[in-house]
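Let's have the full structure, built from the sequences with the hints guiding it.
There are 2 protein chains.
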Amino acid sequence: MIGRLNHVAIAVPDLEAAAAQYRDTLGAVVRAPQEEPDHGVTVVFIELPNTKVELLHPLGDNSPIQGFLDKNPSGGIHHMCFEVEDILAARDTLKAQGARILGTGEPKIGAHGKPVLFLHPKDFNGCLIELEQV
Amino acid sequence: MIGRLNHVAIAVPDLEAAAAQYRDTLGAVVRAPQEEPDHGVTVVFIELPNTKVELLHPLGDNSPIQGFLDKNPSGGIHHMCFEVEDILAARDTLKAQGARILGTGEPKIGAHGKPVLFLHPKDFNGCLIELEQV
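Top line first, the protein sequences correspond to chains A and B.
So in the UniProt record's numbering, spot 66 of the first sequence is number 66, and the numbers just go up one at a time.
So in the UniProt record's numbering, spot 125 of the second sequence is number 125, and the numbers just go up one at a time.
Read the hints as simulated data drawn from the structure, not as lab findings.
There could be a bad hint or two in this list.
Since copy identity is lost for identical chains, a pair holds within one copy or between any two.
Stated by the list, open to error - In the DSBU-like style, the derived pairs of lysine-lysine whose C-alpha atoms are separated by at most 35 Å in a straight line are:
hint, residue 1, residue 2
1, LYS122, LYS95
2, LYS95, LYS114
3, LYS108, LYS52
4, LYS122, LYS52
5, LYS95, LYS108
6, LYS52, LYS95
7, LYS71, LYS108
Only a predicted model underlies this, so the values are computations on that prediction, with no experimental measurement involved.
Here it is in structure tokens:
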């Protein structure tokens, strides 16, 4: 079911400093910040040869990553995103096996303009998993 | 400096259950467990089309991931590993910019038989980063 690892997402307390570190210290290709008001985050993509790192910083008052940063003030790895071909088929297969989908269970449009869903970390070894239809 | 994302590592409380979940529920290609006594872990690699997920479980009495599992009993994302061409050059560049290397600062041979180093999470947005020379 799962295909490529689309990205690993990191919540960071200082987006500018983190982007500069990936660009200048780690020598990676760093894209411009994108505000995603529907998701309550500003995102910076780091382009690696085979996948992406996504830096996340809260945007607005109800950002879903503010709680994570409150618990982890230095930041931390927030989630990983696997690609799937058919997100509704993937969801239904996972639900039939007892996995819980976060939110309404209906896909939202993610930062890449594609449908995404998040799976409950308690069902997946404490890891927040995003599925993105490609 | 950094190249491909070699893997994302997940510490899991039950290696057999986690491997079965990636194989049966998530439909991924799952390799056989490998004991790595020098690193205090048993490892299962999940092969994705573009990278790997590495499931980690403590092996022996002084496993470096036991503390992580004590704090996160359900498991969680433990580190990510970036490939570099020359690990000593990478280390020296990072040290010159103030980043701290864990342990002695000398590369060890990692689970893939290649030299690896770990960077201090406090210097990298709370993320444990492994560098592997390829």
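Hint check results:
1. LYS122 with LYS95: within (14 Å within a copy, 37 Å between copies)
2. LYS95 with LYS114: Intra 21 Å, inter 40 Å, cutoff 35 Å: intra-copy only.
3. LYS108 with LYS52: both (20 Å within a copy, 26 Å between copies)
4. LYS122 with LYS52: both (25 Å within a copy, 21 Å between copies)
5. LYS95 with LYS108: within (17 Å within a copy, 42 Å between copies)
6. LYS52 with LYS95: both (28 Å within a copy, 25 Å between copies)
7. LYS71 with LYS108: both (26 Å within a copy, 32 Å between copies)
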